[in-house]
Each structure stands twice: as C-alpha cells, then as structure tokens.
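One line per chain: the protein sequences are A and B, in this order.
Following the numbering used here, the numbering of the first sequence begins with 474 at its first residue and continues without gaps.
Following the numbering used here, the numbering of the second sequence begins with 324 at its first residue and continues without gaps.
What the hints contain is simulated information worked out from the structure, not anything from laboratory work.
Wrong hints could be hidden among the right ones.
[Said to hold, decoys possible] On the chain B side, residues computed to face chain A include the following (Cβ under 10 angstroms):
no.: 1; residue: Leu356
no.: 2; residue: Ile375
no.: 3; residue: Ser377
no.: 4; residue: Ser380
no.: 5; residue: Gly390
no.: 6; residue: Phe437
no.: 7; residue: Pro447
no.: 8; residue: Val584
no.: 9; residue: Phe588
no.: 10; residue: Ile589
[As the list claims (entries may be wrong)] Per the computed footprint, the stretches of chain B lying under chain A, defined by three or more beta-carbons under 8 angstroms from a beta-carbon of chain A, are:
no.: 11; stretch: 399-411
no.: 12; stretch: 427-435
no.: 13; stretch: 466-479
[To be verified] Pair ranges (Cβ atoms, derived):
no.: 14; chain 1: A; residue 1: Leu499; chain 2: B; residue 2: Ala365; range: 50 to 58 angstroms
no.: 15; chain 1: A; residue 1: Tyr514; chain 2: B; residue 2: Asp563; range: 33 to 41 angstroms
no.: 16; chain 1: A; residue 1: Leu499; chain 2: B; residue 2: Asp370; range: 40 to 48 angstroms
no.: 17; chain 1: B; residue 1: Leu347; chain 2: A; residue 2: Ala676; range: 16 to 24 angstroms
no.: 18; chain 1: A; residue 1: Ile761; chain 2: B; residue 2: Tyr351; range: 36 to 44 angstroms
no.: 19; chain 1: A; residue 1: Ser521; chain 2: B; residue 2: Tyr469; range: 23 to 31 angstroms
no.: 20; chain 1: A; residue 1: Thr665; chain 2: B; residue 2: Ala365; range: 41 to 49 angstroms
no.: 21; chain 1: B; residue 1: Leu519; chain 2: A; residue 2: Asp633; range: 51 to 59 angstroms
no.: 22; chain 1: B; residue 1: Tyr351; chain 2: A; residue 2: Ile663; range: 16 to 24 angstroms
no.: 23; chain 1: B; residue 1: Arg330; chain 2: A; residue 2: Ala671; range: 31 to 39 angstroms
no.: 24; chain 1: B; residue 1: Ser408; chain 2: A; residue 2: Phe541; range: 44 to 52 angstroms
no.: 25; chain 1: B; residue 1: Trp464; chain 2: A; residue 2: Ser521; range: 16 to 24 angstroms
It should be emphasised that the depicted structure is a prediction, and the values quoted were computed from it without experimental measurement.
Just so you know, even glycine gets a beta-carbon here, dropped at the ideal spot from N, CA and C.
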Amino acid sequence: MASSIRKKNFKQNNWMGYFFIGPWLLAFLAFTLLPMAASLYFAFNDYSSLDSLDKARWIGLQNFERMFFNDNKYWKSVGATLYYVIFAIPLRLTMALGLAMLLNTGRNGVSFYRAAFYAPSIVGGSIAVAVMWRQVFGTEGLFNAAIRLLGLPTRTWLGDPDYAIWTLIALAVWQFGSPMLIFLAGLKQIPTEFYEAASIDGANGVRKFISITLPLLSPVIFFNLIMQMISGLMVFTQAFIITGGAPLDTTLFYALYIYRRAFENFQMGYASAMAWVLLIIIAVFATIVFKTSNQWVYYESKEE
Amino acid sequence: MTIKQRRELVSSIIYHLFVGFFCLLMIYPLLWLFSSSLKPSAEVFRDTTSLIPSRLSFENYTNGWAGFGGITFSTFYLNSFIYTSLAVVITVFFSAMVAYGFSRIQFTGRKFWFACMITTLMLPVQVVIIPQYIMFSNLKWLNTLYPLLLPRIGGQAFFIFMFMQFIRGIPKELDEAAEIDGCGKIGIFFRIILPLIVPAMVTAAIFSFYWTWEDFLSPLIYLNSPKLYTVSLALRSFADPSANTDWGAIFAMSALSLVPVFIIFIFFQRYLVQGISTTGLKG
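Chain B with its partners taken away, still in its complex shape (with noise of 0.2 angstroms):
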C-alpha cells in the first residue's frame, strides 16, 4: 500500500467515522420512537436513552389503537385516507391544469394572473383564515370536508410553479403538430401534455401527500367532532398530558403514524431530491 493509498483510506475512516456519528445523532430521537413504542409499556422512561427494548412488545399498539372516546384509530386513519387522497388528487390536477392555461396559452391579463399567484405563496394563512371561517360556519359547512377540500380547486401555487418549469421542457412543436391533426387545446393538454409531466406529478403528489397528512391548522378549526378527526388531530388529543399518561401508547400511534411518510420517502426519494433540488420546493 503506498502511502497516497494509506492516506486516503485513513481520511475515510475519519470522514466516515464523523459523518457517521453525526447523522446517528441526528436520527436519535426517530429511532427512539420507533424503539420506545416496542418497549413494554413500563419501561419506555426507565432506561430512557437505550433504543433496544428488554423484550419486543406490541401491546403499546394494540392499548394505542383502541383510542379515546370509544373511537379507535381506525375511524382516525380512514378519516385521513378520505381528507388526504381527495385533496392530493384535487390539488395536483388542477395544478397541472392551471400550469398548462399559463403556460401554454396567451390571453390578456395572463401575466397579471400570474403575479397574483406568485404572490399567494406568501400570503400569510392567517390573513385568510380567519374570513374563511365565518364564511364556512355561515354556509353550515362545520365538521365536514369542504372547507378543508374546496380552496384546494386552485390548485397550489408551488406546484403550478413547478409544472410550468416542467412544461417550459416540452418542445412546442408537439402542441403545434397535434394542433394541425385537429387538436383542441383541450385535446392537447390531456393527450400532450400531463402524459409527459407525470414525473412532476409523481413530486407533487408526494409533496402534497405529506403536507395533507401533516396538516393541522385547517382539521383543528374546522372538523370538531372526535368523529372526524383525521390522525394529525387524534394524536394531539390522545397526547394530551392531562388525559392521558399511557406513554408507550402515544408512542406507538405516533410512530404508526410516520410509516406511510417513511415508506414513500424510501419509494420515492429520487422524486423527492429532483423536486426540492430544482424548485427550491420547501418540503
């Protein structure tokens, strides 16, 4: 081994050894979660900093799973499942929608509409909130979904955004083609155009899926009703140090509640790193 060789194996062991440690700290409190909600249910602030439990036990999910109210997490997470695959649906294509209009089309006001949507991403939600709810309690709209689904027919200016950098790629000489076969501008978009930027509806979808999941604010103020919660609700209720000390259980909905976004994470990463990469996408 020469000496170049030794050095540079040497200077990977330490790079690897720093890196390493680093990153471990870093994912610390993730795998804390996951272990403490294996541990039985006694022990979990025992040996607190330990991430190997003394003996595998699920009864953390089973206690957990029977939630609060005489309501069980399954009425939580089909709640979720409804709240979240509606709007991910909704909300990627009529942004994919509005992207092409913007994109592809020239109309008056075109630019003035844009600016207007670049604006919203700013907007801080507060602004609009508090309107928004006199008008839904107005309409009788309390405890069900279209408060939470309705603003979501706009589509999400990042998005948007995303996708007319996407759709910028596509030669117009296909639109121009398919025009001259006879094709409607309707036509196009459906035939064209969203075959071509499913890549960037795979990263939308991704994307909205987490912040539908994760969403907290709109579920907390319009859906009341135990009933209704989706999982984001239940679990700050059922967390709720006053009514609840079961901590093995806590941890365990809580944990269950990170999969899906874990195993979409691990599926999905290249989506991921491409969409946060190039937009500079807040994921």
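Okay, chain A solo, but in the shape it has when bound (with noise of 0.2 angstroms):
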C-alpha cells in the first residue's frame, strides 16, 4: 500500500517535473540540440545557400583543411582574438581588484563611488558607447584633444595596426566594474581578526596582501578569470562597429571572422566549421573551470 502510494506520487513528480522544465527542454531540443547538430553536419559541407538542404555537399574534412592551412586570415583572427583576450581579461580584472580593495573601507563617499566606476559596465556593450569610442579614439576625438593638452603626439588610433585593437581592449578594461562588485564582496567576507593578527606579528600591507588576501580571493580571481576569457573568445559587437575587423585584419575577431563568412560570403559550411572549433576550444577552457569548481561554486542543490 505504501509502496504504490509512493509509486504515484513518483510518477506525478513526473510529470510535473516535466511540465515545469519543459518551456526549457522545448528550447533546448529545438533552438541548441538540433542547431548544434546541423551546424557539427555543415562543417563538413559545402553549403553556400540558405534555401535547401539539397544544395549541400559533402567534403570531408575539406573546410577544416582550408581553415588551418590556406586561410591566411583564419589564422590573423585567432591571432587577433588571443591577444584581446590575454591582455584585456587579466587588466580587466587587476583593475577590479585594485578598485575593490580601495573601496573596502567605511569611508563616506564609498558608495557613490562604486555606482560611479559601476556605470561603465552596465552600458559598456551597448552600440552607443561604441558609437562613442569611435569617436573618442578619433583623429579629432577626445583621446587625441586630450593628449594634445599634455603634450603627447596625436595618433590616429583607429587606423593604426599597431593600436587599433588598444583601444578595444581599452573598451573591455573601462568595464571593471562587475568583477570589481565580485571581488568587493569577496574581500567582505575575510575576517578582519586575519589582518589584525598579521599586523601584530608586524607585516605590512603589501605581505598582508600576498599572505591573506591573494590566497583567500583567489578561487573567485581564478574563476572569473576563465569565464571572462571564455566571453572574451566571443566579442563581436564591439569590433564590429569600432574598427570592423581594419586595419589590416588586426582586430578581425574569430566571431567576427565567423559573422562575415556566414552572413556576408554565406559560406555557411566554413563558418560552422569555424565555430565548431572555436566551440572545441571553450570547452577546453570549460573543462578546466568544472574539474576544479568544487571549491568555489555551490550548484547541485544537494537534497535528502
């Protein structure tokens, strides 16, 4: 009797388990499991049009043959994408650091302050403010006027391979400020007994930063570290309506590459090849965050 009551109640839980995670199930069958699926299959396809499947046509592992050893830009956008990501993420987050421990005080003000350099992030991926950067990094821009007031020789940023991707990777560290609110919340967390125990065995302030600091932030520091890198490999708005790719393909982003061959050349195939490997290389990054977040992130919710 009480088996079969369990039993019902069992198969009730069910379906309502179902019916309540189905909008989400729906979605992902439709709009990630099955897109995901055709775009593995048009990697291996040549596949320029978008009306019929019919128009498909095999070849093998041509596309990613093309891509590694004939696509001179291939390479230029990964190039690209790697020097972003490995400058901007880490200044990024040495900003958000640094801020959040200078704002780690009781001191008046400190609120404002946070809102203030909080500002930049929460409007930072819109168009407007890349429609603006364009025009701060302009020949006659803000950037240029205001160097010009010290001093320094103008450049024209934008045009310049050299530092066209700088003044992208400037746009990224400008939007500290959501790390910078991980970070601050994190250092609230470490009890104060800690630093005052340092100070009377008489360390200083750089070795109370290196000793109880570092140490107890740094699975926060570490996975926010890999995540933004992981976004970072997806940038696209921004070089696109910055610097679009110029000059000299030096700030051709890989989702930008992608963009232009699907939605420019409609070379499908090869932009799905394309963001297969890409793909391929978050989910080493990924992999890397999982295997380790045990000790930073509580996500299961462990039940009886």
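Mind assembling these two chains? They're in different frames, but the hints should get you there.
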C-alpha cells in the first residue's frame, strides 16, 4: 500500500517535473541541440545556400584543411582574438581588484564611487558606447585632444595596426565594474581578525595582500578569469562597430570573422566549421573550470 | 585636534583626491557624450575636451530624432520597447518556472538536464546561430519577432540558476503545508514560490532588460527592414560615417538610448549589486 502510494507520487512528480522544465527542454532541443547537430553536419559540407539542404555537398575535412592551411585571415583572427583576451581580461581583473580593495573601507562616499565605477559596465556593451568610443579615439576625438593638452604626440588610433586593437582592449578594461563588485563581496567575507593578527606579527600592507587577500580570493579570481576569457573569445559587437576588423585585419576577432563568412559571404559550411573549432577551444577552458569548480561554486541543490 | 585626528583627516583627503580623480577619469567619456549632445552642432569637435557647452542646444536631439530614410526614432523606440518588454516578461517568467521544476520537484533525469542547462551557459552562440538562421529563414520568419522571442521560452540559464539559489532559501515546510491543504505543484509555484522570489525576479528583469535593450547580433541578423529596426540597429546605421557626419545628432541619439539604462540603474542599484555579488553574474 505505502509503496504504491509512493509510486504514484513518483509518477506524478515526473509529470510535474517535466511540466515545469518543459519550456526549457523544448527550447533546448529545438534551439540548441538540433542547431548544434546541424552545425556539426554543415562543418563537413560545402554549403553556401540558405534555401534547401539539398544544396549541401559533403566534402569531408576540406573546410578544416582550408581553415588551418589555406586561410591567412583565419590565423590572423585567431591571433587577434588571443591577443585581445590575454591582455584585456587580466588587465580588467587587476583593475577590478585594485579598485575593490580601495573601496573596501568604511569611508564616506564609497557607495557613490562604487556606483560611478560600475556605470561603464552597464552601458559598455551598447551600440551607443561603441559609437562614442569610435569618436573618443577618432583623429579629432577626445583622447587625442586630451593628450594634445598634455603635449604628447597624437595618432590615428583606429587606423594604426599597432594600436587599433588597444582601443578595444581599453573598452574592455573600462568595464571592470562587475568583477569589482564580485571582488568587493569576496573581500567583505575575509575576517578582519586575519589582518589584525598579521599586523601584530608585523606584516606590512604588501605582505598582508600576498599572504591573506590573494590566497583567500584566488578561487574567485580564477573563476572570473576563466569565465571572462571564455566570453572574451566570443566578442563581436565592439569590433564590428568600432574597427570593423580593420586595419589589416588586426582586429578581425574570431566571432566577427565567422559572421563575415556566414552572413556576408554566405559560406555557412565554412563558418560552421569555424564555430565548432571555437566550441572545442571553449570546451577546454570550461573543463578546467568544472574540474576544479567544487572549491568555489555550489551548483546542484543537495537534497535528501 | 590631536595628531591622530589630523593624520586621519589627511589620509581621508588623499583618499578622496585619488579615488575621486580616477572616478572622474572613468566616467569622463560618458559625461563627454552627454555634454557633446547638448553643444551646438558645429562645436562638438572644436573644443573637444570641454564638458560645458557654450550654450545649451537641443537642436541635436530634434535633428537626430528625425532619423533616416523617412523613419524617425519614434519607430525605433517603439520597436525596441515592444521587443524588450515581451522578451523580459517571457524570459523572467519561464526562468522562474523552470527553476522551480529543477529545485523543488524530484523527477527522473533531473540531474542530467540540469547539467545540460549549466553547459549552455558557456555555449558560443556562433555554433547555433547559423542553423537557427537557416531554420527561421525557411519558416519565412525573417523580419518578424519570432526568431528573437521564441528561443526565450526556455528562460535564460543565468536566471534559472539565480532563482534556484533563491528558492533553496525558502523553507520546504511552506510547500509541505500547502500540499496538506490540498495545493498542487502548480498552486505552490504561483501562490508560494513566485511571490517569495520577487526580489530575484526584479534583478533578473533588470539584467534581461539591459541585455535585450543592447542586444545587437540577433536583430542584426533577423531584422533587415529599417521599419523594424531596434534602437541599437538604428544607431549603427545612423552613425555610419559614410552616410552621416552630423556628430551632434549622432551623440544626441546615442546619449538618449542610454537614458533608460541609467534611470533603471539609479533606481534599482541595490538589486543589481545584490545580483552580481551573489551569483557572479556578469552585467
């Protein structure tokens, strides 16, 4: 009797469970899993039409061969993306940590500063800011005007192959607000007794930072580093609007190049192959996070 | 004043000078954008670093609002408003529903599907967007809102995860008491869980609003007719250097598009800070 009731409950829960996650499941199957499978199939096809799958022609690994051995632009885009991620993300996190430590005091005005430093982050991804950024670094723009006041030589930042990518890195670093808030929350959890004890032992500020702050915060820092590098690999809008991949493809980010191949040249097969390589790179990053995630993220609800 | 107090005061002054200066440096570009939009059109790049217009001028706003190709920004704002409000409502509601399913109901396959959902957090959109485009194009849904809204019925993994954290904090005894009173799972969701996670839903709604308002790639791909452009898309066409050099007007429309974002930021800052600090959500 009891077991049949439990069985009935269990069955009912199955129905209810799938009822509640149903919308997600449906969207997952239709808009994630199915497209992923299709994309994998396209990666092995010469497919340059939108209308019908009949036009797809199986070409085996040719897309990948072309990508790795016969496409200079591909490697330029890989180089530009890595360069961007390797500089932008650590710089942003350094800035975020520095500011978080400065703001981790009980002084007046801290909440105002916190809001002001966070402001660039909420608008940083918008087209409006991208449009503005192009003018900030334009020949007659704010940045040149400012360095002219300081008596430094001006440049055409956006047209210079050595500097154009740095305007995009600057835009990324400027948006240090979210990691700053995350670090600030982390810093608040470090017991002040640790610092007091260290002071009694005669530790100076640098020593306290290296021996207390950094080790206790390192899981959060590492997690943010990896997650933000992953999203850094997918950056599209800013490069699309501000530099358009120019000059000399020095800012032709991976996602931008995929977009060009797919939606400007309509080489859907080739673009899909590129997208799958990106997926594999990201999967490697993600595995690093998850293999070590128990230490800092609490995901699954533990239930009896 | 004792020596200690004096030192305190000096250190406070140094602190505020340093942090305040850096703060001004960081928000200077934004202040510059807003002040340039209020300068007379010819003045924008003349006294570039200045934040103070020689006279306050709203001509940039009226010039900019006229838009391009005979379509004014009224249309673009209306489009953005419709897209954003539908997207926010759909995303937040379904995220809450899915989060309830994952966190409060035991069913076969729960762990597996949850892992799938977390995985999608890191999925590069480029892998799915090409087949999605082909699919929607074959359904003749280009230049409609379906491709932008339909994928959202699954909620958003970030929000589902955030809601689950929140639901975990609600005592299970509440569910059980309701069940004894004859309330089903659906009743529990609507009468108990939903009212209790309102703060989390506000946070999710704000982020969802921001991400949709600033969304660019999907509208770029699916909306080709200028009549349907969102504000983001319109700004991109409007600011095309080969088509328009009225920088005053471009700045005015850019600044205007940020106004809703800042208003929400100012009024709901607490929710934002909470959301970011507790979930590590990227804003």
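Hints the structure fails to honour: 2, 3, 4, 5, 11, 16, 17, 20, 22 and 23
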